[in-house]
Amino acid sequence: MFEELKTLQEYLEKDIHSIKQESENGTLLNAEEISNISKMIHHEITTYALARKETSSEKALKQATDSILLHINLLVTHASGTANSIGKALKLHLLESALNLVNSLQAFENEGDIDIMTGEVWEKCLVFQQLPSSNSLYVFDLLSQVIELLDDAAAEANDIIDGELPELDGLSLEESKPTDKDKEFIKNSQVLVKTSILVLKKAKAVLKSKDEEYILRADNILDLANKFSEKADDLISSLYLPIDYEDELIFESINGLESHCIELLDILSQENSEWVQMCRAQLGKVKSKLEK
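Numbering (our numbering), first residue to last: 481 to 772.
Keep in mind that the hints were calculated from the coordinates and are not lab data.
DSBU-like mimics (lysine-lysine), calculated; alpha carbons at most 30 Å apart, straight line:
1) Lys707 to Lys667
2) Lys674 to Lys767
3) Lys486 to Lys519
Given only the sequences and the hints, what does the whole structure look like? Please build it.
The structure is reproduced here in structure tokens:
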């Protein structure tokens, strides 16, 4: 089984690399069929694990191996073919999930705790059993995840100002108190994060008003959305006291968030030009305050 899995692994890695280089139109996703295939693998890996424990059960081991290979091939075919639901975004999600599953299956080649390895495969199968039933639901779920991450970042900024930081072995993570300059800078950074949240929520609302065909072409919005969380996380991490105002990461994060907001506003400008102008003005004000 493991030579075949190695071939699948190499195929998936190449496919993932090629998809990352280009954006393409999508076709419909059969989430139910993909879920059913993964349920079969979930069941078969249990049979396989039991056969591995019972060395006399060569026939059961062979049958389980053949079934797993059959269904993992079917799953990979769906992930790399018809499952290209919103172009690049969902296809990458499926391919990377399939690669994770193949890697977990390969772990059985090594001597180890079979029960633990079985559990890992079950976990990887659950990804496919929880797929959204439509393109729209997948897009909205992705945007909601990014918005939630940015909400957490904004809340973390408050904790830094208020001194409500975690303790490690009874020691405070930070001993210094924020100066007035620190507080002002942190608050303005928080405004930038909250403005990013506002723009992302507007993008989500616009997509909700569109049909499936429009959402199939939403890769540019999703690509941008995924960049927000990294920049927000970098910015908040740079605000822990004492703040190093010479740290390039701070201003790289600020510039990155502003740039992503402007790109997303450009996409949304045809939907509500007045609202977009208001957001642009807000970005300009907070950026000038942070650069002082």
